[in-house]
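Protein chains: 4
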Amino acid sequence: MQDFDLPRRLVAEGLGTLLLVATVVGSGIMAETLTKDVALALLGNTLPTGAILVVLITVLGPISGAHFNPAVTLVFMFRGALRPPHAAQYVVAQVLGGILGAVVAHAMFGLPLMEFSSKARTGFPQWLAEAVAAFGLVATILGGLRFREAAVPWLVGLYITAAYWFTASTSFANPAVAIARSFTNTFSGIRPQDLPGFIVAEMFGAFVALAVMTWLLRGAEPKAEAIR
Amino acid sequence: MQDFDLPRRLVAEGLGTLLLVATVVGSGIMAETLTKDVALALLGNTLPTGAILVVLITVLGPISGAHFNPAVTLVFMFRGALRPPHAAQYVVAQVLGGILGAVVAHAMFGLPLMEFSSKARTGFPQWLAEAVAAFGLVATILGGLRFREAAVPWLVGLYITAAYWFTASTSFANPAVAIARSFTNTFSGIRPQDLPGFIVAEMFGAFVALAVMTWLLRGAEPKAEAIR
Amino acid sequence: MQDFDLPRRLVAEGLGTLLLVATVVGSGIMAETLTKDVALALLGNTLPTGAILVVLITVLGPISGAHFNPAVTLVFMFRGALRPPHAAQYVVAQVLGGILGAVVAHAMFGLPLMEFSSKARTGFPQWLAEAVAAFGLVATILGGLRFREAAVPWLVGLYITAAYWFTASTSFANPAVAIARSFTNTFSGIRPQDLPGFIVAEMFGAFVALAVMTWLLRGAEPKAEAIR
Amino acid sequence: MQDFDLPRRLVAEGLGTLLLVATVVGSGIMAETLTKDVALALLGNTLPTGAILVVLITVLGPISGAHFNPAVTLVFMFRGALRPPHAAQYVVAQVLGGILGAVVAHAMFGLPLMEFSSKARTGFPQWLAEAVAAFGLVATILGGLRFREAAVPWLVGLYITAAYWFTASTSFANPAVAIARSFTNTFSGIRPQDLPGFIVAEMFGAFVALAVMTWLLRGAEPKAEAIR
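Chains as they are written, first to last, in the numbering used here: chain A, 1 to 228; chain P, 1001 to 1228; chain L, 2001 to 2228; chain U, 3001 to 3228.
There's no promise every hint is true.
[Claimed, not checked] Only pairs whose alpha carbons sit at most 16 Å apart, straight line, appear in this in silico EDC-like list of lysine to aspartate or glutamate:
| # | chain 1 | residue 1 | chain 2 | residue 2 |
| --- | --- | --- | --- | --- |
| 1 | L | Lys2119 | L | Asp2194 |
| 2 | L | Lys2119 | L | Glu2032 |
| 3 | A | Lys36 | P | Glu1032 |
| 4 | P | Lys1119 | P | Asp1194 |
| 5 | L | Lys2036 | U | Glu3032 |
| 6 | U | Lys3036 | A | Glu32 |
| 7 | P | Lys1036 | L | Glu2032 |
Rather than coming from a laboratory, the hints here were simulated on the basis of the structure.
Bound-form chain A, shown alone (with noise of 0.2 Å):
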């Protein structure tokens, strides 16, 4: 990862988060387009997603990490993984890039470029499921790093395929992401007033995450460190 400059590395973080918004909207868009059953509309917003992280992470971990999260970007900079200033830019790629995405969807499917979400997403339930959306998001991410970094990509879009569908929230999980989200009116958005709550709730899991999994991690070295 140090290997890349940071204007490579902001740009691959603007560029994944943007391919991933302009995934998550425009395939809510096409999904609620063709059917009435919702629940077909959802896997029609979660096959997409889950496979499109795949890709992204594949193809842009190794310039910045991936990260397309600013709750993730966190959680590495608090770990020593990525300095603060650092960490402060990749977050603003993270949200424009987002914004950017919601935009090129909308624009692919003859809306409006930019509007503002009325879907309310409210209340202790949400939270709790953000909560554990996020939790789960980087327990995965760390313990994969750990035992199985080659994984990781296929580690994280196999778990938002499930999240979307056990947490009550269907798995933001990400900061800049719910951002985005805020700006289309259609089967994925959530209303602007909304998003403190979901962003809270996502750091805290992200923070939980972090504690939890620290102190699990640390019962043995893996073997490249063994010697010490």
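Chain A is fixed; fit chains P, L and U onto it per the hints.
Quick look at chains P, L and U alone, frame taken from chain A:
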């Protein structure tokens, strides 16, 4: 596996079973809420379960073995991989984790935290289905460990994806998960009084698989053990 | 493969074909019971079949080669990988295992253990579809073995996932499975009188693939054999 | 790749594109025949296409590079991996193979072997969608080849699975496949008069991806080339 101390291994078993049951129960609630087509609901239950199994076994397997299943734990105990007192603690962690998983799923969907299922799942065909399901699961694990250990998370996820559909019982194949599912009166529930039949059938299938696979795999030694 | 004695190899072929047919027939019963949408039922039949193929070929392949299919066995016999008397016993194990798989599926779903299908599958388009299906299957296996042996279980599972939909016959592509499917009067059945057309078409497609791929793959030697 | 002579490479391109188009067109016919829900039909079109891409690229990639796509072939020609006369022959093989694939699909489903599509796919949003689709495809291929060559078949299959849903055009992203799809008046067709707009958009997206990824990936050399 021996590199992690017992508390961490038990937490891994409990946390893994918690997230597994939260996925099974949560995605079942999501699915039956969104559609009236039961096949589609089952699909919305199947895909997340298969996906999360790949994730959980990859991430927690190196810590505890990622059994999440008393039938699997007993099979490994009989093979000498786990001492009986440890196996007993594994089972307790799995059952408690599983029940907590149902509670978490209910909380995320704003349902009463605990409720008893009223869904009848009994009779010889159901028991046969559970025996077949557990047979296949244990055969998959033992064969996978023998020939392609790194693929075991995928094999278990794919096996359960298939077994949800080809067994008439939708393949519980796991006494801890079955117990946890008796505490939810939603899509994936099972009446408490139907648990004994399921658990006996699962144990029967698991031990038939142990016997059959022990014979079948004894045909040759893996290359790493070729010199004796 | 040669490391396992013939009885174990035959049991592996029989058990694998049993579980394959139990999956095909069982998931078909489950699917048509749960929905009236035939595309959804086909999806509920496709995903389990693709998934179980990855599992069965990974777990049983090192024992017997995991043919589960007389057309595949004959192709390997013609390539010299299997002696004719062994091939004959493979085919017997496959056919018996397959029929037993249909019986097990029926028992799990509380249906009469055996019944003849009344589902017509005949005519030139269907035969062409079976020839194409078997051509693709054998081409997948031969190309996979040549270039990426470890991926063959995945390649076969994915190929059949695709072929269920792009061939008009839903891709039986397997004489043993076809025979077994004549013993179920459910979603996945085929009338006994339609078997000869299917089997001839499958054999034709398989041997066309053997010819084409033998020519196509002869272009270069794999690196391991680069020194001549 | 250079190990295989040109005839074999051209046959691999033609056969691969044939099977790809047979899958796209055939699964589209199957899907629209079986259901009235268009989202479900699209799902029945998406999964087989993604699955067969993994298979075809794995099995034929080592022979010809498995482009199956004139836009990809031109990108590789511009990168110097393919000489112009060879590239031209690749394109001819792809177009002929693709058309033959539509014919085979029609024959399997008992339809007239060739027919012109009457399905309108035109206008700026559709062209933008095709440009995005081809951008993403080429970016996936170039990034995949750079960082994880063995995963390219999977990355392409997963990318197309996502792009079917997030692009408004269902992601043709391939001039040869687009031409072939103008010869079928079924689910996956496109009016002949709409081809030029699609092809121009695809080429535009492909070359934007070439430019962006060439810059993005120049940040560092892969470890194998670290010593200069």
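Status of the hints after comparison with the structure:
1. L/Lys2119 x L/Asp2194: holds, 9 Å
2. L/Lys2119 x L/Glu2032: Roughly 14 Å separates the two Cα atoms, so the pair holds.
3. A/Lys36 x P/Glu1032: holds, 15 Å
4. P/Lys1119 x P/Asp1194: Holds: P/Lys1119 and P/Asp1194 sit about 9 Å apart, inside 16 Å.
5. L/Lys2036 x U/Glu3032: Holds, at roughly 15 Å.
6. U/Lys3036 x A/Glu32: holds, 15 Å
7. P/Lys1036 x L/Glu2032: holds, 15 Å
The structure agrees with every numbered hint stated previously.
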